[in-house]
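> Read off the chains here:
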Amino acid sequence: MNQTLRIGSGAAWWGDRVEPAALNAEHGALDYLCFETMAEATVSAAQVRLRRDSSFAGYDTYLDERMRAVLPACMRHGTRIISNQGWINPTGAAERIVQLLRDAGQHGVRVAAVCGSLITDRVLELADRVLENGAPVRSLAPDLISAEVYLGAEPIVAALRAGAQIVVTGRVADPSIFLAPMMHGFGWDPLDHERVGAGSAIGHLLECGAQVTGGYFCDPGFKELPEPWNFAFPIAEVQSDGTAVITKVAGSGGGVTLQTVKEQMLYEVHDPANYLTPDVVVDFTQARLEQIGPDRVRVTGLTGKPRTPTLKVTIGCAEGFIGEDMFFYAGPGALRRAQWARKILQERFRIVQLQAEELRIDFLGLNAIHGAATPADAVEPYEVAVRVAARTKTRAEAAKVGREVDGMAVSGIAHTGKRVPHQERWREVIGLWSALVPREAVPAHICYFES
Amino acid sequence: MKVQLQHLAHARSGDKGDIANIAVFAYEPEFYPLLKAQLTAERFKAFYQGAITGQVLRYEVDNLDALNFVCHGALGGGVSRSLCLDNYGKALSAAVLGFEVALPEAWFDKLRGRHLLTRQERP
Numbered sequence: 001m002n003q004t005l006r007i008g009s010g011a012a013w014w015g016d017r018v019e020p021a022a023l024n025a026e027h028g029a030l031d032y033l034c035f036e037t038m039a040e041a042t043v044s045a046a047q048v049r050l051r052r053d054s055s056f057a058g059y060d061t062y063l064d065e066r067m068r069a070v071l072p073a074c075m076r077h078g079t080r081i082i083s084n085q086g087w088i089n090p091t092g093a094a095e096r097i098v099q100l101l102r103d104a105g106q107h108g109v110r111v112a113a114v115c116g117s118l119i120t121d122r123v124l125e126l127a128d129r130v131l132e133n134g135a136p137v138r139s140l141a142p143d144l145i146s147a148e149v150y151l152g153a154e155p156i157v158a159a160l161r162a163g164a165q166i167v168v169t170g171r172v173a174d175p176s177i178f179l180a181p182m183m184h185g186f187g188w189d190p191l192d193h194e195r196v197g198a199g200s201a202i203g204h205l206l207e208c209g210a211q212v213t214g215g216y217f218c219d220p221g222f223k224e225l226p227e228p229w230n231f232a233f234p235i236a237e238v239q240s241d242g243t244a245v246i247t248k249v250a251g252s253g254g255g256v257t258l259q260t261v262k263e264q265m266l267y268e269v270h271d272p273a274n275y276l277t278p279d280v281v282v283d284f285t286q287a288r289l290e291q292i293g294p295d296r297v298r299v300t301g302l303t304g305k306p307r308t309p310t311l312k313v314t315i316g317c318a319e320g321f322i323g324e325d326m327f328f329y330a331g332p333g334a335l336r337r338a339q340w341a342r343k344i345l346q347e348r349f350r351i352v353q354l355q356a357e358e359l360r361i362d363f364l365g366l367n368a369i370h371g372a373a374t375p376a377d378a379v380e381p382y383e384v385a386v387r388v389a390a391r392t393k394t395r396a397e398a399a400k401v402g403r404e405v406d407g408m409a410v411s412g413i414a415h416t417g418k419r420v421p422h423q424e425r426w427r428e429v430i431g432l433w434s435a436l437v438p439r440e441a442v443p444a445h446i447c448y449f450e451s
Numbered sequence: 452m453k454v455q456l457q458h459l460a461h462a463r464s465g466d467k468g469d470i471a472n473i474a475v476f477a478y479e480p481e482f483y484p485l486l487k488a489q490l491t492a493e494r495f496k497a498f499y500q501g502a503i504t505g506q507v508l509r510y511e512v513d514n515l516d517a518l519n520f521v522c523h524g525a526l527g528g529g530v531s532r533s534l535c536l537d538n539y540g541k542a543l544s545a546a547v548l549g550f551e552v553a554l555p556e557a558w559f560d561k562l563r564g565r566h567l568l569t570r571q572e573r574p
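Protein chains in written order, with the working numbering: chain A, 1 to 451; chain B, 452 to 574.
Okay, chain A solo, but in the shape it has when bound:
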């Protein structure tokens, strides 16, 4: 089989822009449009929201917006859609997509939901040790909120083979969403680790959307790209041998260059020779990049090693609360006043006996981002925001942060600026832990629907 598969990105995360997905659907001449909408913490946050609000549907809150933006063009062009927007309710998401298809007059479209990643009820039996600290997984039992396995590409391939035009999943590893159409289209054996490794690496280049087409890249004066307000999401033209050209729709902003592709290649990767996914162990160390035209980078030499016998599970636990607020100084002596305000707050927290696991008082504009690594600066900033944040076991302790910042309004020092507290200044902390489970203990199952 020598045809080229055109696979496009529709989202890199839940909050991503929608227009570039619509652009890819309309002008990308795509075989597949793939949406990645789940960060590490997304599922646990969804579980917490569901506990508070039983009407929460449990899937991407932008599902309607995203699908409405791309469905007409995808149906017109025969582009198949693969998406992990199902979060903790893939069948609910599939049913909603069916409804949206019917609303758009699209009948007889097959939609598949890939389920099986949620193992909250079984994780204590299936997983042994917490990867981060070696503690028994059972020790997490009292605080356990949710556990989801990162599934691989195979159930998506099965759904495509069964004729699904749209496949929506729960938690699936990001590159797997893009690998599945390659495995299906080229008939790659799931155990062909060289091809599957190459396909996963291409998926890794696409999974962060605009990060390979110019997003998170421009640095004025050093590296610049045209129209950074108008980034497109990437498209890969993939060959059956596992090579690809990374490109984007003509006329959009940004660029696909050796530099943008290199940066994305190592993004969130630890050992570049051993990048673990559910499908394969990817090896980037033999990759070769070639700029073969404007916004066209050819990637060859991608490969992989046999997959591991285990799958990674993310375990979300209730770990308490974070209280957070800020106030401001400006003008001559802004930093000096901020330092005094910090001293006052430290004394106040002692008086109200704040019980915090961790406390930070940062000076925005100075040390809030790089912390202890901030170089000593001789120039005093004109403006300083004092940001206070504490991690606590109880909500009442977290609420003390906002209460003490309120006190700074009239009981602080001169020229203290403060916002009206319009919103809750605490949030729940879902601690995330990882563990491994045997691959065969987590079978996926697929439900089919038709519009």
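For the record, the hints were derived by calculation from the structure and aren't laboratory data.
Certain hints may be false.
[Claimed, not checked] Reference listing, derived: stretches of chain B covered by chain A, where coverage requires no fewer than 3 residues with Cβ under 8 angstroms from a Cβ of chain A: (1) 521-534; (2) 537-548; (3) 556-566.
[Unchecked claim] With a straight-line cut-off of 30 angstroms between C-alpha atoms, the simulated DSS-like cross-links for lysine-lysine are: (4) B:Lys-496 x A:Lys-312; (5) A:Lys-305 x B:Lys-561; (6) B:Lys-487 x B:Lys-541; (7) B:Lys-487 x A:Lys-393; (8) B:Lys-453 x A:Lys-393; (9) A:Lys-393 x B:Lys-467; (10) A:Lys-312 x B:Lys-487; (11) B:Lys-453 x B:Lys-561; (12) B:Lys-453 x A:Lys-418; (13) B:Lys-453 x B:Lys-541; (14) A:Lys-223 x B:Lys-453; (15) B:Lys-561 x A:Lys-223; (16) B:Lys-541 x A:Lys-223; (17) A:Lys-312 x B:Lys-467; (18) B:Lys-487 x A:Lys-305; (19) B:Lys-561 x A:Lys-393; (20) A:Lys-343 x A:Lys-393.
[Claimed, not checked] Taking CB as the label site, the calculated pair distances span: (21) B:Ala-545 x A:Gly-134: 26 to 36 angstroms; (22) A:Glu-194 x B:Glu-479: 30 to 40 angstroms; (23) B:Thr-569 x A:Gly-293: 35 to 45 angstroms; (24) A:Leu-191 x B:Gln-506: 27 to 37 angstroms; (25) B:Glu-511 x A:Trp-340: 39 to 49 angstroms; (26) B:Arg-573 x A:Gln-286: 38 to 48 angstroms; (27) A:His-107 x B:Ala-545: 20 to 30 angstroms; (28) B:Asp-560 x A:Pro-228: 18 to 28 angstroms; (29) B:Thr-491 x A:Asn-274: 20 to 30 angstroms; (30) A:Gly-78 x B:Pro-574: 54 to 64 angstroms.
On a predicted model such as this, the values are computed, not experimentally measured, just so you know.
The C-beta atom is built at its ideal place from N, Cα and C for all residues, glycine as well.
Once you have looked at the hints, place chain B on chain A.
What follows is chain B alone, placed relative to chain A:
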């Protein structure tokens, strides 16, 4: 001459749990051996002072003229627990651009952002 790393290399950071990876890419292949020699894991960790609490592993990615620093204990316990304003550590990669690199004066014309070199940095 000595200049900030930003004139020789670009960088990107990503997160995974409490581990940040900060990749550094030479703008020109000939800069890469110099980065390899000067930007060691030890110096990298020292440069980030207390911001990285655990070990730093350095991977040499020769085919990309890149060094990948995997920094344990850099994200305040991970995105959901972190009290840092930048929970994901996405802005962490900018700090290393201020690392000071010694290089031959003959390379001046190849540096990026030459108009932004400070008076002290100019040969």
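> Hints first: check each against the structure and report whether it holds.
Here's how the hints hold up against the structure:
1. 521-534: Coverage by chain A holds for the region 521-534 of chain B (8 residues, Cβ < 8 angstroms).
2. 537-548: holds (count 6)
3. 556-566: Since three or more residues must qualify, the claim that chain A covers the region 556-566 of chain B holds, with 3 doing so at under 8 angstroms.
4. B:Lys-496 x A:Lys-312: Holds - the C-alpha atoms of Lys-312 (chain A) and Lys-496 (chain B) are around 29 angstroms apart, at most 30 angstroms.
5. A:Lys-305 x B:Lys-561: 39 angstroms, violated
6. B:Lys-487 x B:Lys-541: Holds: Lys-487 (chain B) and Lys-541 (chain B) sit about 23 angstroms apart, inside 30 angstroms.
7. B:Lys-487 x A:Lys-393: This hinted pair is violated, its Cα atoms lying about 44 angstroms apart.
8. B:Lys-453 x A:Lys-393: 48 angstroms, violated
9. A:Lys-393 x B:Lys-467: 24 angstroms, holds
10. A:Lys-312 x B:Lys-487: Between Lys-312 (chain A) and Lys-487 (chain B) the Cα gap is close to 33 angstroms, so the pair fails against 30 angstroms, i.e. violated.
11. B:Lys-453 x B:Lys-561: Holds - the C-alpha atoms of Lys-561 (chain B) and Lys-453 (chain B) are around 14 angstroms apart, at most 30 angstroms.
12. B:Lys-453 x A:Lys-418: At roughly 43 angstroms apart (the allowed maximum being 30 angstroms), Lys-418 (chain A) and Lys-453 (chain B) break the hint.
13. B:Lys-453 x B:Lys-541: Distance ~27 angstroms between Lys-453 (chain B) and Lys-541 (chain B) Cα, so the pair holds.
14. A:Lys-223 x B:Lys-453: 21 angstroms, holds
15. B:Lys-561 x A:Lys-223: 14 angstroms, holds
16. B:Lys-541 x A:Lys-223: Status holds; Cα separation ~18 angstroms.
17. A:Lys-312 x B:Lys-467: Given pair Lys-312 (chain A), Lys-467 (chain B) holds - Cα atoms ~13 angstroms apart, limit 30 angstroms.
18. B:Lys-487 x A:Lys-305: Holds, at about 27 angstroms.
19. B:Lys-561 x A:Lys-393: With Cα atoms ~54 angstroms apart, Lys-561 (chain B) and Lys-393 (chain A) exceed 30 angstroms; violated.
20. A:Lys-343 x A:Lys-393: OK: Lys-343 (chain A) and Lys-393 (chain A) at ~24 angstroms, within 30 angstroms.
21. B:Ala-545 x A:Gly-134: 26 to 36 angstroms: 33 angstroms, holds
22. A:Glu-194 x B:Glu-479: 30 to 40 angstroms: 32 angstroms, holds
23. B:Thr-569 x A:Gly-293: 35 to 45 angstroms: 38 angstroms, holds
24. A:Leu-191 x B:Gln-506: 27 to 37 angstroms: For Gln-506 (chain B) against Leu-191 (chain A), whose Cβ atoms are near 34 angstroms apart, the range 27 to 37 angstroms holds.
25. B:Glu-511 x A:Trp-340: 39 to 49 angstroms: With a Cβ separation near 47 angstroms, Glu-511 (chain B) and Trp-340 (chain A) satisfy 39 to 49 angstroms, so the hint holds.
26. B:Arg-573 x A:Gln-286: 38 to 48 angstroms: 40 angstroms, holds
27. A:His-107 x B:Ala-545: 20 to 30 angstroms: 52 angstroms, violated
28. B:Asp-560 x A:Pro-228: 18 to 28 angstroms: The hinted range 18 to 28 angstroms holds for Asp-560 (chain B) and Pro-228 (chain A), with Cβ atoms some 27 angstroms apart.
29. B:Thr-491 x A:Asn-274: 20 to 30 angstroms: 22 angstroms, holds
30. A:Gly-78 x B:Pro-574: 54 to 64 angstroms: 60 angstroms, holds
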